[in-house]
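With positions in the sequence shown counted from 1, the corresponding number in my numbering is that position plus 203.
One thing to keep in mind: the hints can contain errors.
[Unchecked claim] Pairwise CB distance ranges (calculated):
| no. | residue 1 | residue 2 | range |
| --- | --- | --- | --- |
| 1 | Pro420 | Gly299 | 23 to 29 Å |
| 2 | Gly296 | Arg407 | 44 to 50 Å |
| 3 | Gly299 | Ile380 | 36 to 42 Å |
[Claimed, not checked] SDA-like mimics (lysine to any residue), calculated; alpha carbons at most 25 Å apart, straight line:
| no. | residue 1 | residue 2 |
| --- | --- | --- |
| 4 | Lys364 | Ala238 |
| 5 | Lys364 | Arg278 |
| 6 | Lys307 | Asp235 |
| 7 | Lys364 | Ala237 |
FYI, nobody ran anything at the bench for these hints, they're computed from the structure. Quick caveat: nothing in here was measured; it's all calculated off a predicted structure. Backbone N, C-alpha and C fix where the C-beta goes; we use that ideal spot for every residue, glycine too.
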Amino acid sequence: MPRTARASAGNVCYHVLNRGNGRAEVFHKEADYAAFVDLMAAANERLPLRVLAYALLPNHFHLVLWPRRDGDLSRWMQWLLTSHVRRYHRHYGGSGHVWQGRFKAFPIQQDEHLRTVLRYVERNPLRAGLVDRAEAWPWSSLAWRNREWNRGGRRPAMLAKWPIPAPRHWLDAVNAIETEAELAALRRSVERGSPYGAESWQRRTAVRLGLESTLRPRGRPRGGAKK
């Protein structure tokens, strides 16, 4: 199988994130958050891509996306971030970078590992101390879904059905504290840009997507030490 460019393979779930340039605040008021959500919906109308979860925080965002075709994720994110930067400069003036370079995207195995990432993303505002309950943060997929659940309504159009079953008591699961092992594994994936899943799946996916270097222990020479 030929290698596919990083963050471009179709039918793979991704944990996607970016931070404000220099970790600066990007969302200064409610209208800024709302505008980004509107741009996400517009991006999905232009190029339908399954949005599984999201959380917007003052200086960064987390998304869980499931593109259908090779290249869709890169095109979708490029349009979203370019459109947002234009909106930001029109509103606040200035020029230059708003985000900390290109977005980061990490493949996720579609099993309990995906459920762990979904929980991690939707719990992010609570972990950051912004709210007392995760669903109380209005700029997340959890809050959006919870409003529909309380009204007995349908899933919001922008949010796609997960490829794995959701636990019955999802709100309780999201509000429960993660284990140190869960957080360490997730943060290792983010720091190294590596696939997140079982070890055998990680190796296969790294080879397929050309990410082998993200699994090597840091500091080890690629070809081994010379004798």
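Worksheet item: That 23 to 29 Å hint for Pro420 and Gly299 (C-beta), does it hold up?
Response: violated (37 Å)
Discussion item. Check whether the Cα positions of Lys364 and Ala237 lie no farther apart than 25 Å.
Written reply: holds (22 Å)
Fill in: Restraint status (C-alpha distance of Lys364 to Arg278 at most 25 Å)
Roughly 22 Å between the alpha carbons, so the hint for Lys364 and Arg278 holds.
Worksheet item: Measuring from beta carbon to beta carbon, are Gly296 and Arg407 in 44 to 50 Å?
Response: With Cβ atoms ~48 Å apart, the hint holds.
Worksheet item: Taken at face value, is the distance from the CA of Ala238 to the CA of Lys364 at most 25 Å?
Response: Distance of about 24 Å is within 25 Å: holds.
Discussion item. Taking 36 to 42 Å as the stated bounds, is the beta-carbon spacing between Gly299 and Ile380 within them?
Written reply: holds (39 Å)
Discussion item. Between the alpha carbons of Lys307 and Asp235, is the straight-line distance 25 Å or under?
Written reply: This hinted pair holds, its Cα atoms lying about 21 Å apart.
When the structure is compared with the earlier hints, a violation turns up for hint 1 alone.
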